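J.: Now for the letters of each chain:
There are 2 protein chains.
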Amino acid sequence: MKGEDDVNTARKDEEADGSGEKLLGFNSTEEQPSGPRGQDSMWRNEKYETVPLDVKGIDEDNSKGTRDSLYPQAALRKAQQGNERPKDPKLWPYFQDGLRRIDYVLTYHVQKPQSTRKLSAKSCLCFKFRREQSSPPAHEDPELAAQEQRLDYHEDDQRLRREEFEENLREMGLEMEREEGNKIPGVGFLKIHAPWEVLCREAEFMKLKMPTFKKYKVSHGSSIVEKVNMFVQKVTATLQPKVGENRVENEKYLSYPFSREKQHLFDLSDRNSFFDSKTRSSIVYEILKRTKCTRAKYIMAQQYSTRLNFMCTGISSLLGSGVYTEAYPLHDGDIDGINAEANDRKILCEEWASYSIFYKYQPIGLIRKYFGEKVGLYFAWLGVYTQMLIPAAIVGVIVFLYGCVTVEDNIPSMEVCDERNNITMCPICDRVCSYWKLVTACGTARASHLFDNAATVFFAIFMALWATMFMEHWKRRQMRLNYIWDLTSFEDAESQPRAEYEFHVMKKSLKKEKPPKEENVKLTCRDRMPAYMTIIVMMVFLICVTLAIVFGVVLYRVSIMTALHMSSTPSFRTNIRATVKTTAAIINLIIIIIMDEVYGAIARWLTIMEVPKTDKSFEERLIFKTFILKFANAFTPIVYLAFFRGRIIGRPGKYIYVMGSYRMEECAHAGCLMELCIQLCITMLGKQLIQNNLFEIGVPKLKKMLRQRKIDKKHQEELDKTLHRHEKDHFLGPFVGLNPEYMEMIIQFGMVTLFVASFPLAPLFALLNNIIEIRLDAKKFVTELRRPIAVRAKDIGIWYTLLRGLSKVAVIVNAFVISFTSDFIPRLVYQYMYSPDGTLHGFVNHTLSYFNVSHFQPGTEPTESMHLGYKVEVCRYKDYRDPPWSDTPYEFSRQFWAILAARLAFVIVFQNVVMLMSDFVDWLIPDIPKDISIQIHNERNLIVELFMKQEQGKKYRNTIGDPSPQPLRSRPSSQA
Amino acid sequence: MKGEDDVNTARKDEEADGSGEKLLGFNSTEEQPSGPRGQDSMWRNEKYETVPLDVKGIDEDNSKGTRDSLYPQAALRKAQQGNERPKDPKLWPYFQDGLRRIDYVLTYHVQKPQSTRKLSAKSCLCFKFRREQSSPPAHEDPELAAQEQRLDYHEDDQRLRREEFEENLREMGLEMEREEGNKIPGVGFLKIHAPWEVLCREAEFMKLKMPTFKKYKVSHGSSIVEKVNMFVQKVTATLQPKVGENRVENEKYLSYPFSREKQHLFDLSDRNSFFDSKTRSSIVYEILKRTKCTRAKYIMAQQYSTRLNFMCTGISSLLGSGVYTEAYPLHDGDIDGINAEANDRKILCEEWASYSIFYKYQPIGLIRKYFGEKVGLYFAWLGVYTQMLIPAAIVGVIVFLYGCVTVEDNIPSMEVCDERNNITMCPICDRVCSYWKLVTACGTARASHLFDNAATVFFAIFMALWATMFMEHWKRRQMRLNYIWDLTSFEDAESQPRAEYEFHVMKKSLKKEKPPKEENVKLTCRDRMPAYMTIIVMMVFLICVTLAIVFGVVLYRVSIMTALHMSSTPSFRTNIRATVKTTAAIINLIIIIIMDEVYGAIARWLTIMEVPKTDKSFEERLIFKTFILKFANAFTPIVYLAFFRGRIIGRPGKYIYVMGSYRMEECAHAGCLMELCIQLCITMLGKQLIQNNLFEIGVPKLKKMLRQRKIDKKHQEELDKTLHRHEKDHFLGPFVGLNPEYMEMIIQFGMVTLFVASFPLAPLFALLNNIIEIRLDAKKFVTELRRPIAVRAKDIGIWYTLLRGLSKVAVIVNAFVISFTSDFIPRLVYQYMYSPDGTLHGFVNHTLSYFNVSHFQPGTEPTESMHLGYKVEVCRYKDYRDPPWSDTPYEFSRQFWAILAARLAFVIVFQNVVMLMSDFVDWLIPDIPKDISIQIHNERNLIVELFMKQEQGKKYRNTIGDPSPQPLRSRPSSQA
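Protein sequence lines, in the order shown, are assigned to chains A and B. When we follow my numbering, the leftmost residue of the first sequence carries the number 1, and every step to the right adds one. When we follow my numbering, the leftmost residue of the second sequence carries the number 1, and every step to the right adds one.
Next up, chain A with everything else stripped away, as it sits in the complex (with noise of 0.2 Å):
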């Protein structure tokens, strides 16, 4: 098409100059009176005709050989013209031509070999007749149709629909090769090409920014910044990817919307690689996408009998009904093996996709090349993420070691381990369990001090500042990499209704008696009732279960505490709690691993119901279910322990029983800030481990070797030897969303602020995870899964939403944890309103009230009260309540009140400042780089004072009448 195309565009070239020079272009047009259209559809008529030749039986089998058999001379002709050489498809994505580049692959089922060319010739029969007449396709002649319609009327009737559907493409200038059971049997491949003309209009459509033949130099702010940068940049050397392009550029073209009223204004001198792969499949998608398929059906298992004529659109239908099986572009070649030419994927591989260069930053630029903007964001995003935990990190092992140095000057822990404070404490379970001294609490008192101590507050402020630094970081990083991209203008359009909800409406306007006008047919909110009540009654439901799995392991450790209590074993006794404390965080964590996996089913079950219009409220309400789910599945143990164990358990003499005779679980001595801190632990690094070990790089591996046990295993060697490109790909798994991924990692996001102020460690693991994390999904995306389709995205959406409801949340939770669950504000309030000398001296007394043994409910008192040796009148417990002697036995005391007010005051307090400082931080920080908006500002003005160059220069060729071309225009002077 090289030459052709040549001709097309240069007589556009003039048209647009509008110069004398117009009658040449005229002539040319003249000279060929049917123009360049005449001749493609000549082309098409070729390959029409080829299929009669194929029903003669030249060459079975391999219908595509002959077919293409007469293109070659054509194609080589017009290569010998463009020095260009066709290349080998096996090595390359290219036609049998070797050429025309395969941008896109549909597949579908051929169910027997033998039978494709009857079947073919048939076809190609009633599409003839229904060129001519354009009735109904299978009644040619009502005989012979009936009967095969009923031998396999199925299969036919997807046939018929793939070649109206593929006659359809041809109009809209696409160019097709078939390729059907060549080495995978029961597959038919249909490689699809983007001719240069067909690429143009689609680009002009989608509005794609092309570079321009304009340079300008980019200034980095001011020259201190560009300086610094400079600087790091140095530094930072060892640290880029050797993929050639990220040194910070000086120079960037100017772009503009491609047009090909403009074409002038871009370098068209290689067209072969003016639009890159990605771009040449997403153009592709975009028109499988819109192209309609009138007698498109939508068919139901068991349901053969209703046929439902309906308007489907696009590609997502016909996927949906079966007629392709699966559809996408190809990857650009090998990674390894001796085909391996240099090609993007390969360097990807090679400067990404591994864990030797984990260090590294990631070549966010050629991800983007070759994925698309919506992959390089999610790539881009995660390495920011992990780039902010390394201050976080590295704060919270500071605030770690902080809590280990100081654990010895800690008057609180100190006074526990006092042996002469001699404190009696009252039994921990009824009748078994004896007075206890609390000495013994010694080690985990010391223990709690690791995590509970001033720092911690200090660092849950940091955190949440932190957060919103992030988040803030973020979108800056989003702005540059739209401005680098390119899409500061792009705008996300809707897209078009899913092939489910297609369905839907049809099966409604069905069941309407008069036939309604097409067009206002919907589902209203009165359809959907019945999905939303299942959903609204299976979420209320599903997350019942998972408190009644947290209850149901409250009940485990009550129940085996108490079991353990009773035995006589001394050993056994000393680790009790620390026994019961883990396997109880272990069994949490199976559970949680397996019910995330049995949500995300339900949701997306869910979310297929509710039936919504397009793939991106598909994707939004699934992604919204999948996140309440997994996020209470994932937080429900921990907001437990954190804020409701240890304070419903009521009082001496009263205490409080669950279940008949167990009584709720109290928390040690120093709080249940251990027991949160071991939990989150256990949760964070075996989640990470199992789910990243065993579903991420185990699944797949196992998927991939089912899919290729299907093929004879002694030829495997030799296919993959011999396969081409397409073919490769379709072992590959399909890529299935980003969504898995961006889950796992707003769940940890969650984990490393929300409870921040229990666990300091947090950051730390989780930036070990990401660095394995980052580089395990590249190795994935580069060679476990097909290519994706280049989506264009400016940001990461819903994401991006659920990121900041969190770091809000996180505001108000760890002020909670730090009020409510550490022992911050007791020791703040005892050391300011009741400690005499305004130390912390006494303080551990003063936390514990006193209760009369004689008031102990009957049958509830330890049998063996003589167990420290003496005989206990009054024991002490860890509350504020009155002494028995008072007015007022046993009620909350005066201080109970002053230190619930001041915890309530340190709440509002917190978070308020908090939120204050974060919104502070926001507004401080612009949202889009200074230095961005002075290049976006320039690119503007840039783009005017070239047009009115253009204009002047153009204007002055006219009044003179001189045709040379004018400087401006160093672009092809196609027309010499």
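Derived by calculation from the structure, the hints in this document are not laboratory data. None of the values given here were measured: they were computed from a predicted structure. One should not assume that every hint holds.
A pair holds if it fits inside one copy or across any two, identical chains being indistinguishable in the list.
Lysine to aspartate or glutamate pairs mimicking EDC-like chemistry, simulated, CA-CA at most 20 Å apart [said to hold, decoys possible]:
1) Lys227 to Asp527
2) Lys808 to Glu261
3) Lys728 to Glu326
4) Lys292 to Asp409
5) Lys930 to Asp492
6) Lys475 to Asp409
7) Lys613 to Asp927
8) Lys252 to Asp931
9) Lys616 to Asp931
10) Lys207 to Asp276
11) Lys252 to Asp156
12) Lys242 to Glu350
13) Lys292 to Glu951
14) Lys616 to Asp927
15) Lys701 to Glu727
16) Lys687 to Glu166
17) Lys215 to Asp430
18) Lys808 to Asp919
19) Lys930 to Glu620
20) Lys949 to Glu197
21) Lys346 to Asp276
22) Lys209 to Glu261
23) Lys780 to Glu204
Fit chain B to the known structure of chain A by using the hints.
T.: Positioned in the frame of chain A, the structure of chain B alone reads:
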């Protein structure tokens, strides 16, 4: 220019068509080898020739009269071709030829009409000279020039710059007509007309979306929605203004960014009306902004000696340096009088800017058409705000009425008024005041109930949600307007640097010894540091001033109170509180209004000192500063009343004193809510009445009078009749932006939302004010001010951020008002924790602590201790403290801490619940209305479809060789 333009476009159309008719177009160009540009430049030459004619003295004083005397013949010839008749330039804003519309007017200073001739001769001379040699202008004859320079160098210089600028404008294709000192002495007018070609070019650069031929049906969501819409429409039919464009249209023209290459898409049959007057003027303004003036100087007073040559950009720096005095587009026509034909301005005046139609909707479409999007958005926003105030006002009134109705059933106030309780209260001031009976506070207790009841809490929640709903509703409305006004893909460009900024940059670059690269010089943080420091110091100082004022008013109240107490007149005493409260509130009001103006001026001064780069950032910084100052000014007294008054008084026997001997003021028995309410009421009503009447009506009238006084009064009436449009507009006030209007509304919004818990009638007052405000502003815009330059805007910018911030702050402020200022929480706590029977009986007694009068500090006990007729041993005061006979006398009691905890808990719950609800509402209501998003999607599809059809049409014509234009053929059954 009409005829030429026609030829020109015709040629282009053909080019775009690419059909066989091309030859014709080619020939027509052939016949005029120099092309339209050639003729164009001929005109230009003619115009230059007029200057010498002028010099020769054919017609002095009215130079343009001659200049254009050459013109009409040609113009008339063209007009006759175009079947147009020249219009009377007195009625319509046209050039003297009556054909070319005045799109923009620049005015400048003309000092002596007598010397005009000589000077213009000179300037013409140097102008010519410059064109030949392009050397510095004033040096062609050193001696003469030096002389002239000394004479009136300044004026001369300005003229030179004007001429250079005007020459540059001509280069850009604009046409100009000059008029000096015709009727208004000392003022020269430069009338600017943009010919069709320029309009087209600029429209393309500005990416103006214009309606195409293609119409499409607008669907209004589902059929139910549509029916509801129809119904609402019928009901509100009488509320619609009669401007003939308000019905919900079912069809909309598909619009597409104007492009000269796609002219066939647009309906260009009437070129005069294709771009409306506001678009024309904004196009001219765009050119004026962009046009450079290389030799321009920024001359500061007393800096004549420094000749600062620098490259200035655009009209703004010329206006800044006084080269031009004013720049404005023209109104469409007169409002009244015999000359008034129907025009948009007149319609607006009748159907919008009139108090008699206050109940009607505003004709937003017409406002936008006449004033541009930015002004349109302001009025749309004001309309939405006023509309949303209606439900708020209704609910507010209901809440108030509920208070009125339940005042009789209110147990606490009944108890206060019950004589039998016989409670003796401690004196409210030292020595001169005596003990008093609680029953005397009966009146205030009953009045307090009006504003402090259970409904208030509900109302506070309601208003928090109302604020969210309002923001959401506005976002949707804005989106809808964006869609209707075709702004969906409009991007706001960063504007040019301001003149002051450029001047400072230039000064900076001069200071440096070595001349740096021009582009890199800019003001860094270091340059701005002094300004920043000043700003911070000033802002802190001003806020301190505000606080000092509030403290002054407090002192006034305390001292007057004491003085009044000392007076012996009993009638004085009884009315003491009311008198003091009211006078203090009025003093506050007056101070607020005065300081408002002062702060406005200071904020402007500070912003100028800061030298922001662009107009946009200037505006934002100014708004930000003004907002902080005005907000602090308006709300400090209210915040003091709500949260501090009566809380820092100490207790009997240990009062807190200020300024020596003044005791801090207490609240009335029933809390400060009542006084807060009075303060709010007076501030709102007073501020609105005074600011509206005095500043918005009075001052503009005064200014207009002053402007017109410059002209002889006797001639005025005669002049009025003969004045041209541009002269009439010259007398109108300049448009100073929308910021004062927005600021006023934002402060009002603050009043309505922030303390709504204490004053449920606030929305009603705001509503009444706004109904007047809309028409007042409308009148001002239509009759009092020059027409503003139409500015495109997608949103209301920083104001939205401020509104959003306010509605967030409102949640927390209301939470605090309810829990701390009102008695809601103590009542609740008493009822559920302390009340013996679960009712409020005994509540008043519970809130009063005991004081043993023997514990008074010596010298502070009341002198007339027997005032009540019996010896008082124990008096009561409002606080929760332990009684004198307890272990810890006068310490805060357990009740105090419990109630404090309850109050704080309420704040946390209220804040988080309301914020959650707001976020939920925010999330629930999509920002983009459903039907609009569908519409936008449809539009995109339609555009692609339209182009595809044209493609195929073109292809078909090319193939068949059929030259007849195809009427948007519904797809070719081509190649058939």
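J.: If a hint holds in the structure, say so; if it does not, say that too.
T.: The hints, checked one at a time:
{"no.": "1", "hint": "Lys227 to Asp527", "in the structure": "between (62 Å within a copy, 19 Å between copies)"}
{"no.": "2", "hint": "Lys808 to Glu261", "in the structure": "neither (50 Å within a copy, 51 Å between copies)"}
{"no.": "3", "hint": "Lys728 to Glu326", "in the structure": "within (14 Å within a copy, 72 Å between copies)"}
{"no.": "4", "hint": "Lys292 to Asp409", "in the structure": "neither (76 Å within a copy, 72 Å between copies)"}
{"no.": "5", "hint": "Lys930 to Asp492", "in the structure": "between (25 Å within a copy, 15 Å between copies)"}
{"no.": "6", "hint": "Lys475 to Asp409", "in the structure": "neither (43 Å within a copy, 57 Å between copies)"}
{"no.": "7", "hint": "Lys613 to Asp927", "in the structure": "between (32 Å within a copy, 18 Å between copies)"}
{"no.": "8", "hint": "Lys252 to Asp931", "in the structure": "within (14 Å within a copy, 40 Å between copies)"}
{"no.": "9", "hint": "Lys616 to Asp931", "in the structure": "between (33 Å within a copy, 17 Å between copies)"}
{"no.": "10", "hint": "Lys207 to Asp276", "in the structure": "within (16 Å within a copy, 28 Å between copies)"}
{"no.": "11", "hint": "Lys252 to Asp156", "in the structure": "neither (54 Å within a copy, 44 Å between copies)"}
{"no.": "12", "hint": "Lys242 to Glu350", "in the structure": "within (9 Å within a copy, 71 Å between copies)"}
{"no.": "13", "hint": "Lys292 to Glu951", "in the structure": "between (41 Å within a copy, 18 Å between copies)"}
{"no.": "14", "hint": "Lys616 to Asp927", "in the structure": "between (25 Å within a copy, 16 Å between copies)"}
{"no.": "15", "hint": "Lys701 to Glu727", "in the structure": "within (19 Å within a copy, 83 Å between copies)"}
{"no.": "16", "hint": "Lys687 to Glu166", "in the structure": "neither (47 Å within a copy, 72 Å between copies)"}
{"no.": "17", "hint": "Lys215 to Asp430", "in the structure": "neither (82 Å within a copy, 82 Å between copies)"}
{"no.": "18", "hint": "Lys808 to Asp919", "in the structure": "both (11 Å within a copy, 11 Å between copies)"}
{"no.": "19", "hint": "Lys930 to Glu620", "in the structure": "between (32 Å within a copy, 16 Å between copies)"}
{"no.": "20", "hint": "Lys949 to Glu197", "in the structure": "between (28 Å within a copy, 16 Å between copies)"}
{"no.": "21", "hint": "Lys346 to Asp276", "in the structure": "within (16 Å within a copy, 57 Å between copies)"}
{"no.": "22", "hint": "Lys209 to Glu261", "in the structure": "both (14 Å within a copy, 18 Å between copies)"}
{"no.": "23", "hint": "Lys780 to Glu204", "in the structure": "neither (34 Å within a copy, 46 Å between copies)"}
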